[in-house]
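Using the sequences provided together with the hints, build the complete structure.
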Amino acid sequence: MIGTAHQIVLPVVLPLLAAFLLPLVGRLHVWPARLLGQIVGVLHLAVVAYLWTLVGGGETIVSALGGFAPPLGIVLYADRLSVLFLLVLSVGILLFWPRREHGGTRADTLTLLLLGGGSGLVLSGDLFNIFVFYEIVAVASYGLAASGGNAAGFGAALRYLLLSALGSALALLGIALVYGAAGTLNLADLSVLAPERLSGPMGLAAFLLLVLGFGVKAELFPVNTWVPEVYTAAPTRVTAILAGVVSKLSMVVILRLLVLIFADPGAQTLLLVLGLAGVIAGELAAFRAPDLNRTFAFSSIAQLGLVAVAFSIPDDLGIAAGIAVAVHHAVVKPGLFVIAGHWTGPIERLGGAARVSRPAAIAFVLLSLSIIGIPPFPGFWVKLLLLGEAFAAVDPVYALAGAVILAATVVEAAYLFRAAALMWEPPEGDNRPPAAFPLARLAPTLVLTLLILLAMGAVSPLGEALEAMAAEVGDAAIYVGNVLPGRI
Amino acid sequence: MSLLDLLLLLSLLTTLYLYAFGNHRNAGHLGMVVYAVATGLVIAMAGPLADGTGAVGSTFAPVMLGHVLSWSMDGLGWFFALLTTGAAFFASWYMSGEWNAEQPNKRIQHGTLALNVFCMLLLLSSGDLLSLFIGWEFVSWAAFLMMTQLGSHAARAAFRYMLYALAGAMAVFAAILIVKAQIGSFAFADLRAAVPALSDGLKWLLFGLFGLGFGVKMAIVPFHLWQAPAYSFTPGASSAFLNAVSARMGLFAILLVLGKLIGFATLSDLALPLIPMDAKTLLMWVAAITMVVPTFIALMQTDARMLLTWHGIGQGGYMLLGVLVATPLGTAAGLMHVLNYASYQMALVLAVFAVIHRTGTADLDELGGLIKRMPFTYLALLMGIIGLAGLPPMNGFVSKWMIYKSLLDTQQPLLLIAAFVGTLGTILSVYKLIHNIFLGQLRAEHQKVGEAPGSMLAPMLILAGIGFATGFFPGLALGVVDVAQAALGVELLPHGLGGVYLATGSLNMIWVVGIMIGAIGFGAFVFYVIGNRRYGVHQFDNYAGGHFLSADIRYHFSHEFYPGLARLIGPWYRGSVVNMENGLMIGLKTAGDLWHGAFRIAYTPFYLLVALAIGLWWAGLDGGF
Numbered sequence: 001m002i003g004t005a006h007q008i009v010l011p012v013v014l015p016l017l018a019a020f021l022l023p024l025v026g027r028l029h030v031w032p033a034r035l036l037g038q039i040v041g042v043l044h045l046a047v048v049a050y051l052w053t054l055v056g057g058g059e060t061i062v063s064a065l066g067g068f069a070p071p072l073g074i075v076l077y078a079d080r081l082s083v084l085f086l087l088v089l090s091v092g093i094l095l096f097w098p099r100r101e102h103g104g105t106r107a108d109t110l111t112l113l114l115l116g117g118g119s120g121l122v123l124s125g126d127l128f129n130i131f132v133f134y135e136i137v138a139v140a141s142y143g144l145a146a147s148g149g150n151a152a153g154f155g156a157a158l159r160y161l162l163l164s165a166l167g168s169a170l171a172l173l174g175i176a177l178v179y180g181a182a183g184t185l186n187l188a189d190l191s192v193l194a195p196e197r198l199s200g201p202m203g204l205a206a207f208l209l210l211v212l213g214f215g216v217k218a219e220l221f222p223v224n225t226w227v228p229e230v231y232t233a234a235p236t237r238v239t240a241i242l243a244g245v246v247s248k249l250s251m252v253v254i255l256r257l258l259v260l261i262f263a264d265p266g267a268q269t270l271l272l273v274l275g276l277a278g279v280i281a282g283e284l285a286a287f288r289a290p291d292l293n294r295t296f297a298f299s300s301i302a303q304l305g306l307v308a309v310a311f312s313i314p315d316d317l318g319i320a321a322g323i324a325v326a327v328h329h330a331v332v333k334p335g336l337f338v339i340a341g342h343w344t345g346p347i348e349r350l351g352g353a354a355r356v357s358r359p360a361a362i363a364f365v366l367l368s369l370s371i372i373g374i375p376p377f378p379g380f381w382v383k384l385l386l387l388g389e390a391f392a393a394v395d396p397v398y399a400l401a402g403a404v405i406l407a408a409t410v411v412e413a414a415y416l417f418r419a420a421a422l423m424w425e426p427p428e429g430d431n432r433p434p435a436a437f438p439l440a441r442l443a444p445t446l447v448l449t450l451l452i453l454l455a456m457g458a459v460s461p462l463g464e465a466l467e468a469m470a471a472e473v474g475d476a477a478i479y480v481g482n483v484l485p486g487r488i
Numbered sequence: 001m002s003l004l005d006l007l008l009l010l011s012l013l014t015t016l017y018l019y020a021f022g023n024h025r026n027a028g029h030l031g032m033v034v035y036a037v038a039t040g041l042v043i044a045m046a047g048p049l050a051d052g053t054g055a056v057g058s059t060f061a062p063v064m065l066g067h068v069l070s071w072s073m074d075g076l077g078w079f080f081a082l083l084t085t086g087a088a089f090f091a092s093w094y095m096s097g098e099w100n101a102e103q104p105n106k107r108i109q110h111g112t113l114a115l116n117v118f119c120m121l122l123l124l125s126s127g128d129l130l131s132l133f134i135g136w137e138f139v140s141w142a143a144f145l146m147m148t149q150l151g152s153h154a155a156r157a158a159f160r161y162m163l164y165a166l167a168g169a170m171a172v173f174a175a176i177l178i179v180k181a182q183i184g185s186f187a188f189a190d191l192r193a194a195v196p197a198l199s200d201g202l203k204w205l206l207f208g209l210f211g212l213g214f215g216v217k218m219a220i221v222p223f224h225l226w227q228a229p230a231y232s233f234t235p236g237a238s239s240a241f242l243n244a245v246s247a248r249m250g251l252f253a254i255l256l257v258l259g260k261l262i263g264f265a266t267l268s269d270l271a272l273p274l275i276p277m278d279a280k281t282l283l284m285w286v287a288a289i290t291m292v293v294p295t296f297i298a299l300m301q302t303d304a305r306m307l308l309t310w311h312g313i314g315q316g317g318y319m320l321l322g323v324l325v326a327t328p329l330g331t332a333a334g335l336m337h338v339l340n341y342a343s344y345q346m347a348l349v350l351a352v353f354a355v356i357h358r359t360g361t362a363d364l365d366e367l368g369g370l371i372k373r374m375p376f377t378y379l380a381l382l383m384g385i386i387g388l389a390g391l392p393p394m395n396g397f398v399s400k401w402m403i404y405k406s407l408l409d410t411q412q413p414l415l416l417i418a419a420f421v422g423t424l425g426t427i428l429s430v431y432k433l434i435h436n437i438f439l440g441q442l443r444a445e446h447q448k449v450g451e452a453p454g455s456m457l458a459p460m461l462i463l464a465g466i467g468f469a470t471g472f473f474p475g476l477a478l479g480v481v482d483v484a485q486a487a488l489g490v491e492l493l494p495h496g497l498g499g500v501y502l503a504t505g506s507l508n509m510i511w512v513v514g515i516m517i518g519a520i521g522f523g524a525f526v527f528y529v530i531g532n533r534r535y536g537v538h539q540f541d542n543y544a545g546g547h548f549l550s551a552d553i554r555y556h557f558s559h560e561f562y563p564g565l566a567r568l569i570g571p572w573y574r575g576s577v578v579n580m581e582n583g584l585m586i587g588l589k590t591a592g593d594l595w596h597g598a599f600r601i602a603y604t605p606f607y608l609l610v611a612l613a614i615g616l617w618w619a620g621l622d623g624g625f
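In order, the protein sequence lines correspond to chains A and B. Under our numbering, the final residue of the first sequence carries the number 488; numbering is consecutive throughout. Under our numbering, the final residue of the second sequence carries the number 625; numbering is consecutive throughout.
Wrong hints could be hidden among the right ones.
Unchecked claim - In silico SDA-like links for lysine to any residue, alpha-carbon gap of 20 Å or less: (1) B:260 / A:418; (2) B:203 / A:399; (3) B:589 / A:288; (4) B:589 / A:418; (5) B:589 / A:399; (6) B:203 / A:392; (7) B:589 / A:392; (8) B:203 / B:270.
Calculated from the structure, these hints are not laboratory results.
Rendered as structure tokens:
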């Protein structure tokens, strides 16, 4: 099913093109450049929405660029999973578009670069392009992380760059191993060859390298040490995008690799161990985090650990659970980061926050309840899906993982509600209450909270859609059949 | 639309309305009307439930992620629902008059009460394990909201409660997920049918997880630390409501899951290795310890609210012990104790809050002599403590007698002794309560204190009256108990209006109370009519060894009550459980600090190296490169 639908390249090309044009236009005047960026952002969303109408029913679009047939040509692959995350990316970036105060067009350019690179990352059908787009995303995110213009931001961004470069080198090494063993980088092609050429320790080693490499952005243990520093030092909107969206894109890549190429128990166990380590480390560190920004940074690590645990369950429903956790987190966490970005400083100073800004405090509580997984919030159904799968898995190690996740939930509730409870207390001693929240700044949080509340009413249809999506994603034969119709 | 739909809808609408308009001065009266109607609806449901197999279903059955959530109320849930709506009625009454006028946060008080009632009704009518868990979480968080309303002290206690409750909930969650994984269904009937085929290990696991999860809400030892402060620092009628009903949700869930679905008989077959004890006996001993230890902790309290709430924990132990005996008498005793306890404990807590309302303190060192100032509050408290201590003529005596008798009948002398020891502690401490508040000499600063207003007196006196009436005619309460007992599948206890009829010995309270009243009447006649009435004793007279002393110094012995006993039992409760809790918290903080400190970007190369080395070694394990 090599599609003729070349709209699939638009989400990649449009923002990249705009990103290169923007500085030029910006030289003439700033405002047309900014307008151009925003128009492209909206267009991107429109294209993605249109793509959803094409793939929403279970169809797939495969586009061989330049007309070269795979496995030689470059392939873009759009199924419901990739378009869903395009949607998350697009909405996330629009919601957190750079504001005027960031000055010039630099932030806009980088954001467009991130948009284009991220789109390419989820659409790419071969390892080489995945790596290229991953690097584009990485470069854009270094720039964005430093765009706050303060020393802490520059320092954090530099260290992030070093770590990320190290990760990229590992990923490249992994890709080299794969290429050496299989002689191709096309995912579909690899999927066919993998059982024969990548099944042994070599394959597992390649997977380890790839996971550690791509895991830098996916905040996977142990390459996530940049997270607390960058999320604290970077501007709030960048933190929201990195934690909410970019991390998920890397997880999608890891999922594709796991399903298509490394579908063996060794790789699953590896991902499970890394994910579980992330859950434990993230929740415990968040418990002792001094401020909200760090709290959410660590909690974000734990949530991505959950995604990894879910993906490691060898079952389509595990994938469904992983996608659910990822999307839920992508909706909730940016909203929380907005609050953290305004109410900075030690958690102990949150006293009186509810009196200063009730909507922010209430949104904080609602989003926290959902992330802990309290019924009837969507987070509960997400956890039910995930834990139900963990306890039902054949391998008892998953039940153990489920128990760890349940215990971690209590810790999670402890740190989230310690902060929430403080907000309703009067300020301690002579402390002044935190700054009032301008409604315009809180707007993204309110939108996301509303989204969560609306999702409460649509749990079942969402769940069904997820399961259908997971069944499609989890079946490597479908992917191969679509890209290389002759090989299956 | 079924009766259950109507009940839940009414309750939900009340919650929404009171949250929005609870500041209105008639909010309390509205609550009374609604809870009276709700109680009426619950009573109207009794018909089809009486034979033990019927249930009133709800037409609301949403499908969530492929699971059909169902709600339907059987006799067991009905019993607790009656308790819930009834308690809410009296709580709302208490909050309707002067109390309502003076509270700054009445909207929250009325709103959270309604919310708690709604969540409890939802839990009590859950029709499968998943809706049970959802109801369980709702109830926990609703209670948290109710406890946390006053901030500071209360908020800290509520926070601690929330952690305990959530840990318990996670245990329950794990248990229902294991059930789902094993038998492929959340349905009650499927679990019940599958239990015999489950392995012993799995049964132990389910027993442990469910027992822990539900036990936390009942505050069974060692998960009891949260309850007393959390209930005590909740304002007024809300505290009374929590005391009377909230912890009972744990008992309901234990009865439903461990008693009805898994079955106490199954638990008796689960033997412990090495020691001659089975799962059920283990739980009975936990109940016994819960009966004794918190009661003696209560004895040492200097805050009247804390004293009562600590007793509440101990009383929960009696109920659990009773139902675990699992004979018709034991089950009826445990269930009846639920009702009885609710009546006198609510009266007691409301009376103490009436004292706080008038004097501003519940500190037992700062009160005394209020009997002349608040005589009706005194009466309510007196009747309440007689019930709490389990003495005739109040209803507490009947259920406790039945518990003793059931232990005697099933030949469990050690547990019987534990029950007696618990009662002894109760008698000692309730004397402290009434003595320190009402007896002795009035303090100068309370000279102008007046009686509590009618809106507060009426509910507590009626509750105390119910305690007396069901003590005089236990048959009234036992009829209600029958419905729950039938639903549990336990044979019904033969009873009449006056008490229980058993081959091994019956109890007829009409005789007991009749003779008591006669004897007291005779005594009163001797003292007041025949006796010498010339020497009236004034409240401010001081005596020592029978000799009159100067009356210029007011003197009331209340500080450090029972010093000898305190020295005796002091070393026993040096807080090993408190230490355990602290240790757990410190461990968690240390682990948190370790991980928090480990997130230094400079360490990454090292982590990466380790991860790579281990990963590659592990990857190479099966075959080598």
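Here is what the structure says about each hint:
Annotation: proposed proximity of residue 260 (chain B) to residue 418 (chain A) is violated, straight-line Cα distance about 38 Å (limit 20 Å). For the hint pairing residue 203 (chain B) with residue 399 (chain A), the CA-to-CA distance comes to about 16 Å; that is within 20 Å, so the pair holds. The suggested pairing of residue 589 (chain B) with residue 288 (chain A) holds, with an alpha-carbon distance near 7 Å, which does not exceed 20 Å. Note on residue 589 (chain B) and residue 418 (chain A): the hinted pairing holds, with a Cα-Cα distance of about 14 Å set against a maximum of 20 Å.
At roughly 26 Å between alpha-carbon atoms, residue 589 (chain B) and residue 399 (chain A) are farther apart than 20 Å, so this suggested pair is violated. For the proposed pair residue 203 (chain B) and residue 392 (chain A), the alpha carbon gap of about 17 Å is at most 20 Å, so the pair holds. Among the hinted pairs, residue 589 (chain B) with residue 392 (chain A) is inconsistent with the structure: their alpha-carbon atoms are about 32 Å apart, more than 20 Å. Taking the CA atoms of residue 203 (chain B) and residue 270 (chain B), the gap is near 8 Å; set against the 20 Å cutoff, the hint holds.
Of the numbered hints stated above, those contradicted by the structure are hints 1, 5, 7, listed in ascending order.
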